[in-house]
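Quick note, the sequences are listed as chains A and B, same order.
The opening residue of the first sequence carries number 1 in this note's numbering; numbering runs sequentially from there.
The opening residue of the second sequence carries number 1 in this note's numbering; numbering runs sequentially from there.
If you're looking for bench data, these hints aren't it; they were derived computationally from the structure.
None of the values given here were measured: they were computed from a predicted structure.
No false leads were slipped in.
The following label-pair restraints were derived from C-beta to C-beta distances:
1. Leu-97(B) x Gln-55(A): 23 to 31 angstroms
2. Gln-11(B) x Ile-2(A): 30 to 38 angstroms
3. Ser-55(B) x Gln-102(A): 21 to 29 angstroms
4. Asn-18(A) x Ser-55(B): 36 to 44 angstroms
5. Ile-2(A) x Ile-54(B): 14 to 22 angstroms
6. Gly-72(B) x Gln-78(A): 40 to 48 angstroms
7. Asp-27(A) x Thr-109(B): 30 to 38 angstroms
8. Ile-60(B) x Thr-79(A): 33 to 41 angstroms
9. Ile-44(A) x Gln-41(B): 13 to 21 angstroms
10. His-10(B) x Thr-66(A): 40 to 48 angstroms
11. Asn-30(A) x Gly-72(B): 22 to 30 angstroms
Beyond 12 angstroms from chain B on every Cβ pair, some chain A residues (computed):
12. Asn-24
13. Asp-27
14. Thr-62
15. Tyr-73
16. Thr-79
17. Thr-80
C-beta: ideal position from N, C-alpha, C; glycine also.
Residues per chain are reported as follows:
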Amino acid sequence: GIQVEQSPPDLILQEGANSTLRCNFSDSVNNLQWFHQNPWGQLINLFYIPSGTKQNGRLSATTVATERYSLLYISSSQTTDSGVYFCAAEYYNQGGKLIFGQGTELSVKP
Amino acid sequence: EPEVTQTPSHQVTQMGQEVILRCVPISNHLYFYWYRQILGQKVEFLVSFYNNEISEKSEIFDDQFSVERPDGSNFTLKIRSTKLEDSAMYFCASSNLGEQYFGPGTRLTVT
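Can you make the complete structure from the sequences, with help from the hints?
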């Protein structure tokens, strides 16, 4: 069935380190988004990236649609980057619904 | 910058009671969604709504759930008779296709 899989499930980093989070999806997608869930539970939009590469400050993302994966890069991590990172995919003919992965829980230590 | 808003931020209700969660989508958006997240789990799609009707719903969205756009700005989710397992964070989102913008969520606690 339609799936979104994220890896790793958990990641612990020292402040200043870089990291790569991966999202695999099982079919062609209309939409691929990355979110950061903060400690208050809010979902913060990071990237809308159905294909290509985007950068926003220390964060960047790449989606290779033909190979059905997306990567989120975090450089020079800070303690405020801690939280859960979700990717979510909208597949064709699914009424616009986003299917979320299980998330990667990132903990950045000072 | 326009944003999706939700009220209340936290609601506590007793099992069997009706609750209405409210959302104000971004004003020029035409597509509206509800998602929920049980504590510690992933976010799950509930329903999508376009042109005053449901366009897609999940198996979670059974007869106890309903959605409505009562006026030009609000979008509501009603749970008719709450169960303990309805305790979750409920997110509203809106879009014009493409990127979906999420509200801050309503944390529903059913006791």
